[in-house]
Amino acid sequence: MSTPLAPARPSRLSPAVRDSNTMLRRNLLHARRYPSMTLNLLLTPVMLLLLFVYIFGDVMSAGIGGGGADRSEYIAYLVPGLLLMTIGSTTIGTAVSVSMDMTEGIIARFRTMAIHRGSVLIGHVIGSVVQSVMSVVLVGAVGVAIGFRSTDATALEWVAAFGLLVLFTLALTWIAVGMGLISPNAEAASNNALPLIFLPLISSAFVPVDAMPGWFQPIAEYQPFTPAIETLRGLLLGTEIGHNGWLAVAWCLGLAVLGYFWSKAVFDRDPK
Amino acid sequence: MPSSVMSTPKQGDGHASPVAVSAVGLRKSYGEKTVLDGIDLRIPAGSVFALLGPNGAGKTTAVKILSTLIGADGGQAWVAGHDLAGDPQAVRAAIGVTGQFSAVDGLITGEENMLLMADLHHLSRREGRQVAAELLERFDLTEAAKKPASTYSGGMKRRLDIAMTLVGDPRIIFLDEPTTGLDPRSRHTMWGIIRELVTGGVTVFLTTQYLEEADELADRIAVLNDGRIAAEGSADELKRLIPGGHVRLRFTDPSAYRSAATALREATRDDEALALQIPSDGSQRELRAILDWLDSTGVEADELTVHTPDLDDVFFALTGGTDQPKEAVR
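Those protein sequences? They're chains A and B, same order as listed. For the first sequence, this note's numbering assigns the number 997 to the initial residue and increments by one for each residue that follows. For the second sequence, this note's numbering assigns the number 618 to the initial residue and increments by one for each residue that follows.
No wet-lab data here; the hints were simulated from the structure. Each hint should be verified, as a subset may be incorrect.
[As the list claims (entries may be wrong)] Each pair of labels, with its calculated beta carbon distance range:
(1) A:I1103 with B:D700: 22 to 30 angstroms
(2) A:P1267 with B:R902: 52 to 60 angstroms
(3) B:D654 with A:D1264: 48 to 56 angstroms
(4) B:P765 with A:A1012: 24 to 32 angstroms
(5) B:R746 with A:D1148: 50 to 58 angstroms
(6) A:T1150 with B:K764: 46 to 54 angstroms
(7) B:T768 with A:Q1213: 52 to 60 angstroms
(8) B:R659 with A:P1267: 21 to 29 angstroms
(9) A:L1249 with B:R746: 39 to 47 angstroms
(10) B:K764 with A:I1103: 18 to 26 angstroms
(11) A:G1159 with B:R742: 28 to 36 angstroms
(12) A:G1159 with B:D654: 56 to 64 angstroms
(13) A:T1099 with B:T768: 16 to 24 angstroms
(14) A:A1058 with B:K764: 32 to 40 angstroms
Ideal Cβ positions, reconstructed from N, Cα and C, are used throughout, including at glycine.
Assemble the whole structure, with the sequences as input and the hints as a guide.
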């Protein structure tokens, strides 16, 4: 080459952190340039919130707390579930964008470069967590705008609630990355990720588990969303958390670890 | 990997003829289908090596293995002195790869693609900007630098692709079918780029299905067919491998043709074209002997042309004489 390049200067940051940071910036750049998918996925929880409050609100609230609850009580009941549903919905976007990215030639380029191997996935995960948290804040703002108020949450409880949301996002994102990696194209990815939007529908997000058929209650009660929703309700509204707290944390840690090792194993396989 | 094929790698550390890439008995199969059936390679540093073969011969698979993208099922290889299986990360630090399918990020601009590479090579921000600007300029992409790469033409994408490959200043560059799908003008631009790389001391490993391209660029050519190397050598050496050189005499007067045909009994007749073919290797000595002989027998042809076998003849002779594309395998 006519202009020899200067050798790379040693960095204070480890290569893993540096490369992951580079990949994160790449993914955030994608999201900023093409925000339509994130916005579309955001629409689902917002529409559901408005639908359940303003269209079904009277009927639904009648079934809460032994009847006689008014609309504001149902909003309070609904918002924590919808915040977690927002996470499920945006992580579908993660699965789709990971599967689309894997079909790109640039991933093959990354694999032949002397970069930290995991940085491609870590960049996707952190980028997706950032997007999901932003979506949660947005849906939360809509909730507040239509009348949601935390009754008695202390500063510590707010921090715990935020921590739970981030942990839950991290867990679902790693699972979504694995789903994206095993999907040959965007359609397959969005199909494979369907449970992430379906599970909140059969959780305690819209109606209490007690109101469901008896045989179904164990499924609804112990799937990942219900404990997280009940914990969030407890933190923000002062309802009983009970065993849901550690159940939610166990689910989050379990799914995150499972998703991480699954994704890593799939990514480390020889590409087709 | 079988240890029986162990051999001492000749490393590229200052010997008279350092080896950039070497392989012994490389094999790869996908299920029942054997794609590479034991190939041996030895590519001197600073040279251009072309792997030539029809579709499905295993060219891309060879590049994928040597560039650490996929693992081999058997055999051993060393790239830039590093064992491919034992230290892939060291191999990666020494190579640059431009695959058959565009390896640019279409969602971001050309400049952002370049800066992404600079970041991944851990250049400082200032160095990165400088290198990106220089390479964009060199590959005539400065004007398009701020546009998304997905809007680029095929030739521009390839140029961006190679520019990205050069960010880390690799010593060995793999180019998998660098000109496939390019128009003639872009192809010549690409050839110029490849020649320029070699003058800088870079080793180039390229695959192609165009004989002309291998002839133009490569110091050594290996013909890959059905997962095996059918022949290897310089373009001239390969051409000498097969017969086919001849001197062709064409006549306009049928009676002159007939008397010449009687006089030159060794010649192959083409009665319709009124032409005779005399086997010859095309050397000056043989040509003079033929001319003397024609003079002494009083034969006077209206047109005399010398035909040497070209790589097409070699290619078809070695790959079974068919240009039917086989089933495309990876």
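Structure-based check of all given hints:
The hinted range of 22 to 30 angstroms is satisfied by A:I1103 and B:D700, whose Cβ atoms lie roughly 25 angstroms apart. One distance hint, 52 to 60 angstroms for the beta-carbon pair A:P1267 and B:R902, holds here, with the actual separation near 55 angstroms. With their beta carbons about 27 angstroms apart, B:D654 and A:D1264 fall outside the hinted range of 48 to 56 angstroms. At roughly 29 angstroms, the beta-carbon separation of B:P765 and A:A1012 lies within the given 24 to 32 angstroms, and the hint holds.
Checked against the hint of 50 to 58 angstroms, the pair B:R746 and A:D1148 passes, with Cβ atoms roughly 53 angstroms apart. Between A:T1150 and B:K764 the beta carbon distance is about 52 angstroms. The supplied range of 46 to 54 angstroms therefore holds. Checked against the hint of 52 to 60 angstroms, the C-beta distance between B:T768 and A:Q1213 comes to roughly 55 angstroms, which is consistent with it. For B:R659 paired with A:P1267, a C-beta distance near 28 angstroms keeps the hint of 21 to 29 angstroms intact.
The supplied range of 39 to 47 angstroms is met by A:L1249 and B:R746, whose beta-carbon atoms lie about 42 angstroms from each other. For B:K764 paired with A:I1103, a C-beta distance near 22 angstroms keeps the hint of 18 to 26 angstroms intact. About 34 angstroms separates the C-beta atoms of A:G1159 and B:R742, a value consistent with the hinted range of 28 to 36 angstroms. Our hint of 56 to 64 angstroms for A:G1159 and B:D654 holds, since their Cβ atoms are close to 57 angstroms apart.
A hinted range of 16 to 24 angstroms for the beta carbons of A:T1099 and B:T768 is consistent with their spacing of about 19 angstroms. As the Cβ distance of A:A1058 to B:K764 is approximately 58 angstroms, the hint placing it in 32 to 40 angstroms is violated.
In this structure, the earlier hints numbered 3 and 14 are contradicted, and the remaining ones agree with it.
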